[in-house]
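Enquirer: With the hints as your guide, set chains B and C onto chain A.
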Amino acid sequence: MSKSSMKRRAFLKHSAQALGAAAFAGIPGMTYAQQKTITAVFAGVILPDKVRPVVENATNVKVNNLPYVSPTDTVAKLLAPGGTSRYDLMVSVTNFMRGPLLGERAGQELAMALDMSKVPNAAKLLPLFKEETIRRAGKTYAVPIFWGYDSVIYNRKKIPEDAALTQSWKVLFDDKYAGRVALRDDAHQSIAAAALSMGHKKPFEMDKKDLDEVTRFLIAKKKNFRTMWTQFGEAVNMMSSGEIDAMYGWIVMRAVLQRRGLDVTNNWPSDGLLFWNQAAFIPKNAPNAAEAHAVLNAMCGVEYGIALTRETEYLVTSAGTAAALSAADRRKFGYDILERGLNLVPLAWPKSMDSWIEAWGRVKAA
Amino acid sequence: MVRDPFRAWKVALWVYAGTFFFVLYAPLVTIAVLSFNESEITGFPIAAFSLRWYRAVLGNPVLLAAFWHSVVVGVATALVATALALGLALAFRHDFRGKGVLLNLVLVPLVIPGIIGGIVLLIFFGYAEVRSSLMSTVLVAHVNWVLPFAFLTLYPRVHRFDQTLEEAAMDLGAHPRQIFLRIVLPIIRPGIIATALFSFSLSFDEFIRTVFVVGEERTVPVQFWTMIVDRLAPELPAMAVVIILISMAVALLGFTYANRADGAGS
Amino acid sequence: MNGPAVKPIGKPWLLASPAVLWLVVFGLAPLVFMVAMSFWKSTIFGTRPDFQLGNYARQLSEPLYGTLMLKSLRIATASTLLALVVSYPIAYFMTRLRGVWKSVFIIGLFMPFWTSYVVRTFVWLPILGRAGAINTALMWLGIIDRPIDWLIYNEGTIYLGLVYVYTLFMVLPIYLSLDRIDPRLIEAAVDLGARPWSVFWRILLPLSWPGVLSGCIMVFLLGIGAYVTPRLLGGPSGIMYGNMIADQFLSNNNWAFGAALGTTLALVVVILLLITGRWIGIRQVFTGGRF
Chain A
1 MSKSSMKRRA
11 FLKHSAQALG
21 AAAFAGIPGM
31 TYAQQKTITA
41 VFAGVILPDK
51 VRPVVENATN
61 VKVNNLPYVS
71 PTDTVAKLLA
81 PGGTSRYDLM
91 VSVTNFMRGP
101 LLGERAGQEL
111 AMALDMSKVP
121 NAAKLLPLFK
131 EETIRRAGKT
141 YAVPIFWGYD
151 SVIYNRKKIP
161 EDAALTQSWK
171 VLFDDKYAGR
181 VALRDDAHQS
191 IAAAALSMGH
201 KKPFEMDKKD
211 LDEVTRFLIA
221 KKKNFRTMWT
231 QFGEAVNMMS
241 SGEIDAMYGW
251 IVMRAVLQRR
261 GLDVTNNWPS
271 DGLLFWNQAA
281 FIPKNAPNAA
291 EAHAVLNAMC
301 GVEYGIALTR
311 ETEYLVTSAG
321 TAAALSAADR
331 RKFGYDILER
341 GLNLVPLAWP
351 KSMDSWIEAW
361 GRVKAA
Chain B
1001 MVRDPFRAWK
1011 VALWVYAGTF
1021 FFVLYAPLVT
1031 IAVLSFNESE
1041 ITGFPIAAFS
1051 LRWYRAVLGN
1061 PVLLAAFWHS
1071 VVVGVATALV
1081 ATALALGLAL
1091 AFRHDFRGKG
1101 VLLNLVLVPL
1111 VIPGIIGGIV
1121 LLIFFGYAEV
1131 RSSLMSTVLV
1141 AHVNWVLPFA
1151 FLTLYPRVHR
1161 FDQTLEEAAM
1171 DLGAHPRQIF
1181 LRIVLPIIRP
1191 GIIATALFSF
1201 SLSFDEFIRT
1211 VFVVGEERTV
1221 PVQFWTMIVD
1231 RLAPELPAMA
1241 VVIILISMAV
1251 ALLGFTYANR
1261 ADGAGS
Chain C
2001 MNGPAVKPIG
2011 KPWLLASPAV
2021 LWLVVFGLAP
2031 LVFMVAMSFW
2041 KSTIFGTRPD
2051 FQLGNYARQL
2061 SEPLYGTLML
2071 KSLRIATAST
2081 LLALVVSYPI
2091 AYFMTRLRGV
2101 WKSVFIIGLF
2111 MPFWTSYVVR
2121 TFVWLPILGR
2131 AGAINTALMW
2141 LGIIDRPIDW
2151 LIYNEGTIYL
2161 GLVYVYTLFM
2171 VLPIYLSLDR
2181 IDPRLIEAAV
2191 DLGARPWSVF
2201 WRILLPLSWP
2211 GVLSGCIMVF
2221 LLGIGAYVTP
2231 RLLGGPSGIM
2241 YGNMIADQFL
2251 SNNNWAFGAA
2261 LGTTLALVVV
2271 ILLLITGRWI
2281 GIRQVFTGGR
2291 F
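The listed protein sequences correspond, in order, to chains A, B and C. Here the working numbering is used: position 324 in the first sequence is 324, and no number is missing along the way. Just add 1000 to the spot in the second sequence (first one is 1) and you have the working numbering. Just add 2000 to the spot in the third sequence (first one is 1) and you have the working numbering.
A couple of the hints might just be wrong.
[Stated by the list, open to error] Just some of the chain C residues that point at chain A, by a computed CB distance under 10 Å: (1) 2044; (2) 2045; (3) 2062; (4) 2125; (5) 2233; (6) 2249; (7) 2252.
Think of the hints as simulated: they come from the structure by calculation, not from any bench. Only a predicted model underlies this, so the values are computations on that prediction, with no experimental measurement involved. For glycine and all other residues, C-beta sits at the position ideal for the given N, C-alpha and C.
Excised from the complex, chain A in its bound form:
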């Protein structure tokens, strides 16, 4: 073989390797080193690109998260034949998962009992969420890792912050703002908000009579709503363009809108701030349980918590994160709502979701 052709081969070999490494390095999350990967199902928003390295570097595990549709879809994936062995880690709404995850009787759990020695961070949760951990017979099956609250996102320039009306769910239903407000197209959250505004203290335990009353109320107020939003982008765009001045909204929306320089904030409804949390669990027959434990632990950790809160303004359940932030930050993100004595109402699962969905259908069909 001639010298030049050997050189050419060597060059090609090196360039191929370099290209390969560059290609791999360029694709987010892939490294050239041998690295374990877990398959996860959770809302992409809790592992955004800026936060991902925190988890992946701490555990040396790649997280491949599949498209997340809804809590129900998560349960569907779990309940489908072979579902418990297909995924390594899942995160979804705690109150929704509690039933299916534990199953009706002991021994029917769909998640594996966590080896808490591998998840030391889980011991340091905020007291409020310690109770939310899904347990049975002394074993832990799911650990809440992040939470948030829903309230009314409104434009401060159009709606005065100091009014009592503004600091209540009633602001969405009052004729004063007719045509300039929007609800979310969701039976659970919208009926809850309406019920709270009508003074029901425990909306998720309403009986048929009360549910009908709330339904009639919503039907009467339907003409006040510009629309019922279905997607994140839709809701944010509506507030930003001035299509509406107030809406049922999420923390992350407030964050996005404020970052855009809009004078938008959320209210603290005196009739009840709805808060929710999502928990992480490992399906019973997960193929990469050890790595899943490590990732779960990382997501209960302070570093992840701070990164997530700063990036998305979602809050985490780890007590260490709340403590590590300054008082000003705690106030800004809302960690202090637990101390402020606000009326907190957990977004629980209603006794009969079927009737709620039907009721909402009636509202929309009217």
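Expert: Relative to the frame of chain A, chains B and C by itself:
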């Protein structure tokens, strides 16, 4: 001169066609304009013009990978569905018992709402222990969805095929396969191409069934959905434009190739 | 045109068997499964195959489901007719084109459909909204001084959304069947003094009937299962049967009830097809009858 009474109609038709295509493309032009909007908010007014989102799209391999997946499964779907539909359409030229039943069978996937179609396949593949992947579960979901359309599109075309040509060829002693390849096929070829193109479009656009059976390789609609459902997706218009441009390029390529193969005329 | 003495080539069952196999395994089996599941019971713990009629009893006792079904039928029918009226002239227009223009327009028709329908529905928001393109333009021109509210978030917008997204499904089959009509037929009719309406009614329409029917069936079936469009564009009343089905699976764990709703929808559609089939001659069209 006899055709003059129709002149007004012809002009009206052209005006109508112009309006139709204007309305068809206006939203796309809007997307294109919005894709240059510096602002994170998808909507007017345009804060400033920038290529920011194009940089984001082209630099994001995940988005480009989704496009590739959609193309791959689209082509596969088009081939499978067109082939199956062709067999059906040719069979339907005959009179045989069970034709009505067969027709109903063909329309079955149409009658199942998308969400149910998706969930049922999820369970079905679960029991069969088939892992979700592009070429297995997603392909099945897509062909399922596309087959009735392919048949409904191809059949009227095949149905009008003048059988006297076949008859003549058979009288001259031609073998059935020859007849098919050299007489039938060339004449219905435009119909087949149209069906294949249509099948590809349907597969490319399919979302709801796909989202239940998709594995790690997402298609474009699933990717779009994942992007908009729980976060702002400012790069969405840019991505849509990139896809249209690539599709245009591919279509142009296919078109020039088909033209060359055909010779002159269409 | 086709004498009964001529037999087309190929053996029918041989030609059809690959498709039949596919449909039975992947089309029919899941459908049967859905019907079976509609008799099961779903709780938050999952779905159990305990046979019960509760899911159907509920549909009969609660008037909401009937209302939604009627609403969906109405919207689907109206959208189909609108799509037909909008698409037929375009299909005809395209058959009159010659040479390269034909292909250009066909590609031009297809192109928008290579963008996801989610995007093509979403894009109406910045066009029709209060601060959208249309309102902004009209205000800038001084034609109005306050934005028009009713461009979006009502039933009309649903029609717009559905027709816009499904036009291709109507144009294509009509075009394919119109294209096969010998133009000399029309010339002859014109020479004999036929008015445009007669040409349409007595030549074009009957000969393009299979295409019209295919298109209408497709658009109707698509319209009746719609759920992105009514939700995104329909405003507070934007709900159709498909949304109710989706809710059972996405907001709740009641798969059995969702399957029951789906079965009902499928049943209604099948019955409709059977009835119109008798009336308009779908069977004739598809089972090779003469026209």
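Enquirer: Check each numbered hint against the structure and report the violated ones by number, ascending.
Expert: none
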